[in-house]
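Between the sequences and the hints, there should be enough to build the whole structure, so can you do that?
Note that the protein sequences, when read in sequence, are chains P and V.
For what it's worth, the numbering used here labels the leading residue of the first sequence as 1, then goes sequentially.
For what it's worth, the numbering used here labels the leading residue of the second sequence as 116, then goes sequentially.
It should be emphasised that the hints constitute simulated quantities derived from the structure, not laboratory data.
What you are looking at is a predicted structure, and each value in this text was computed from that prediction instead of being measured.
Hints are supplied without guarantee of correctness; some may be wrong.
Here are the simulated SDA-like cross-link-like pairs (lysine to any residue), alpha carbons at most 25 Å apart as the crow flies [to be verified]:
(1) P/Lys61 / V/Ala117
(2) V/Lys116 / P/Gln58
(3) V/Lys172 / P/Thr5
(4) P/Lys61 / V/Thr120
(5) V/Lys172 / P/Asn97
(6) P/Lys49 / V/Gly118
(7) V/Lys172 / P/Ile60
(8) P/Lys68 / V/Ile215
(9) P/Lys68 / V/Ser217
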Amino acid sequence: AQSVTQPDIHITVSEGASLELRCNYSYGATPYLFWYVQSPGQGLQLLLKYFSGDTLVQGIKGFEAEFKRSQSSFNLRKPSVHWSDAAEYFCAVGGYNTNAGKSTFGDGTTLTVKP
Amino acid sequence: KAGVTQTPRYLIKTRGQQVTLSCSPISGHRSVSWYQQTPGQGLQFLFEYFSETQRNKGNFPGRFSGRQFSNSRSEMNVSTLELGDSALYLCASSPGTSGISSYEQYFGPGTRLTVT
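The structure is reproduced here in structure tokens:
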């Protein structure tokens with residue numbers, strides 16, 4: 001069965017600092033990988049996606065993620081964090097799983113941005 | 116294109132009552148999925164509909180049901196509400212029928228249900 005682990009429940013960074021959110025997945029084939037962001041009281045917004053090709057993918061809001069097959073990781077990065085980036089971030093691996101639907105989501109990482 | 120819309124945004128119900136939530140997907144999207152989000156359990160998949168058929172179902176009791184109409188709009192119903200049903204209910208639609216586009220999901224803002 002597919003699974004996703006986001007090891008960091010909560011991360012705090014200063015505004016302007018770089019950011020890396022970790023995501024490790026378990027999947028029996030080449031996965032579809034996604035990062036979503038959720039602002040308080042809102043739904044999830046798709047930041048970026050990966051299936052094949054260049055292992056460094058660019059997304060919206062200045063985010064990028066790198067797929068590393070050898071490490072089963074798909075970490076999200078941003079060179080300079082803005083206060084508006086404070087939110088919860090979810091990594092997801094796609095592929096039909098009867099109990100999880102289209103994708104299995106990680107538990108999320110909450111990002112706090114210090115002024 | 117307009118995004119996924121959900122109505123109502125907020126709802127307060129009493130234990131034992133039933134509730135119906137509505138979701139309109141992005142135009143052209145035929146797949147609609149429903150999720151329950153709570154602080155303790157995170158995002159949990161309820162069910163998915165595609166072309167009016169339930170295609171996938173999560174591990175929720177039969178009190179949770181849904182349907183999809185010919186215009187792809189979807190409703191979910193919860194009967195005999197319990198306190199533990201208090202949650203943010205999210206609807207998501209998917210654009211494609213194959214490949215990565217069938218797995219990427221576009222979420223609505225959610226319906227916040229409070230059961231008292």
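Here is what the structure says about each hint:
Only pairs whose Cα atoms come within 25 Å are accepted, and P/Lys61 paired with V/Ala117 is accepted, the gap being roughly 20 Å. Our distance criterion of 25 Å between C-alpha atoms is met by V/Lys116 and P/Gln58, whose separation comes to about 22 Å. Taking the CA atoms of V/Lys172 and P/Thr5, the gap is near 22 Å; set against the 25 Å cutoff, the hint holds. For a cut-off of 25 Å, the pair hint linking P/Lys61 to V/Thr120 stands: about 22 Å separates their Cα positions.
Among the hinted pairs, V/Lys172 with P/Asn97 is consistent with the structure: their alpha-carbon atoms are about 9 Å apart, no more than 25 Å. Restraint check for P/Lys49 and V/Gly118: the C-alpha separation of about 19 Å stays at or below 25 Å, so the hint holds. For the given pair, V/Lys172 sits about 31 Å from P/Ile60 by alpha-carbon distance, which is inconsistent with the 25 Å threshold. Pair hint P/Lys68 plus V/Ile215 holds up; C-alpha atoms about 18 Å apart against a cutoff of 25 Å.
With a C-alpha separation of about 23 Å, the suggested pair P/Lys68 and V/Ser217 falls inside the 25 Å cut-off, and the hint holds.
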